[in-house]
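These protein sequences, in sequence, are chains Y and U. Mapping of the first sequence onto the numbering used here: position 28 corresponds to residue 379, and the numbering continues sequentially without gaps. Mapping of the second sequence onto the numbering used here: position 110 corresponds to residue 102, and the numbering continues sequentially without gaps.
Keep in mind that the hints were calculated from the coordinates and are not lab data. Quick reminder that beta carbons are idealized off the backbone N, C-alpha and C, glycines included. Some hints here could point you the wrong way.
[To be verified] Calculated pairs, EDC-like style, for lysine to aspartate or glutamate (alpha carbon to alpha carbon, straight line, at most 16 Å):
1. U:K33 - Y:D352
2. U:K36 - Y:D410
3. U:K32 - Y:D352
4. U:K36 - Y:D435
5. U:K33 - Y:D410
6. Y:K449 - U:D62
7. Y:K449 - Y:E366
8. U:K28 - Y:D382
9. U:K14 - U:D62
10. Y:K449 - U:D88
11. Y:K449 - U:E94
12. U:K1 - Y:E393
[As the list claims (entries may be wrong)] Examples of chain U residues lying across from chain Y (beta carbon under 8 Å, computed):
13. K28
14. S31
15. K32
16. I37
17. F82
18. E94
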Amino acid sequence: DQQVKQNSPSLSVQEGRISILNCDYTNSMFDYFLWYKKYPAEGPTFLISISSIKDKNEDGRFTVFLNKSAKHLSLHIVPSQPGDSAVYFCAGIDSWGKLQFGAGTQVVVTP
Amino acid sequence: DTAVSQTPKYLVTQMGNDKSIKCEQNLGHDTMYWYKQDSKKFLKIMFSYNNKELIINETVPNRFSPKSPDKAHLNLHINSLELGDSAVYFCASSQDTRRNNEQFFGPGTRLTVL
């Protein structure tokens, strides 16, 4: 029972353009959402988070948007850089404090 | 300096064997976790310990037994390994159990059961 879904397994974007990664969730009890970035052969690293009481959080080139009514969040990366090529995981924190992850989206930034 | 380290990085073994994966964090965190990333790439929590006490125990076969000798270490022992145990196992830690705490992940251990 996947509570967090990332329906796009991959995304290719040109350097300098915007990358938009989408995430949908089913558990209305999630009160905190996080994005993690993962390079091959490494563990995920925290990127940005958002509380469910907010609809936007920005950190440098990364902005996360939350639409609670649609149970949807998105991560915007602008401008995209070659070093952004990685797998991005969306996660929600459930009422037990457990991170529930999506399957990830592979981003490839091309020159 | 590695914050969360795991050994070994790769583990290849035969069905039926018993193996352990070790995890150590030097961040001074109170809470540690084990996750399994299966072939479909989903990361799923298995266990969580806070100050050496088990606080999350997902529906995991009891062939899997975590052990926390101190709050900087959380080891995972797996008995009678099965083919379906092949996966990447990630250890993680966080400052404490507060819900918005960032979790720091280790590099993963790729377990292959033949």
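Here's how the hints hold up against the structure:
Only pairs whose Cα atoms come within 16 Å are accepted, and K33 of chain U paired with D352 of chain Y is accepted, the gap being roughly 15 Å. Among the hinted pairs, K36 of chain U with D410 of chain Y is inconsistent with the structure: their alpha-carbon atoms are about 27 Å apart, more than 16 Å. Of the pairs offered as hints, the one joining K32 of chain U and D352 of chain Y holds, with about 13 Å between alpha carbons and a cut-off of 16 Å not exceeded. Only pairs whose Cα atoms come within 16 Å are accepted, and K36 of chain U paired with D435 of chain Y is rejected, the gap being roughly 24 Å.
Annotation: proposed proximity of K33 of chain U to D410 of chain Y is violated, straight-line Cα distance about 27 Å (limit 16 Å). Taken as a hint, the K449 of chain Y and D62 of chain U pair is broken in the structure, with Cα atoms around 22 Å apart against an allowance of 16 Å. For the hint linking K449 of chain Y to E366 of chain Y, the alpha-carbon distance of about 35 Å lies beyond 16 Å, and the restraint is violated. Pair hint K28 of chain U plus D382 of chain Y does not hold up; C-alpha atoms about 23 Å apart against a cutoff of 16 Å.
Between K14 of chain U and D62 of chain U the CA atoms are separated by roughly 12 Å; this keeps the pair inside 16 Å, and the hint holds. A C-alpha spacing of about 13 Å is found between K449 of chain Y and D88 of chain U, which places the hinted pair at or below 16 Å, so the restraint holds. Proximity of K449 of chain Y to E94 of chain U is assessed by CA-CA distance (about 12 Å); at most 16 Å being required, the pair is judged to hold. This hinted pair checks out: K1 of chain U and E393 of chain Y have alpha carbons roughly 10 Å apart, not beyond 16 Å.
Interface hint status for K28 of chain U: violated, as the beta-carbon distance to the closest one in chain Y is roughly 11 Å, over 8 Å. About 11 Å separates the beta-carbon of S31 of chain U from the nearest beta-carbon of chain Y, more than 8 Å, and the hint is not met. Contact between K32 of chain U and chain Y, as hinted, is supported at the beta carbon level, the nearest pair being about 6 Å apart and thus within 8 Å. Hint status for I37 of chain U: holds, given a least beta-carbon distance of 5 Å to chain Y, under 8 Å.
Against a cut-off of 8 Å between C-beta atoms, the interface hint on F82 of chain U holds, since the closest Cβ of chain Y lies about 5 Å away. Of the supplied interface hints, the one on E94 of chain U holds, with its beta-carbon coming within about 4 Å of a beta-carbon of chain Y, less than 8 Å.
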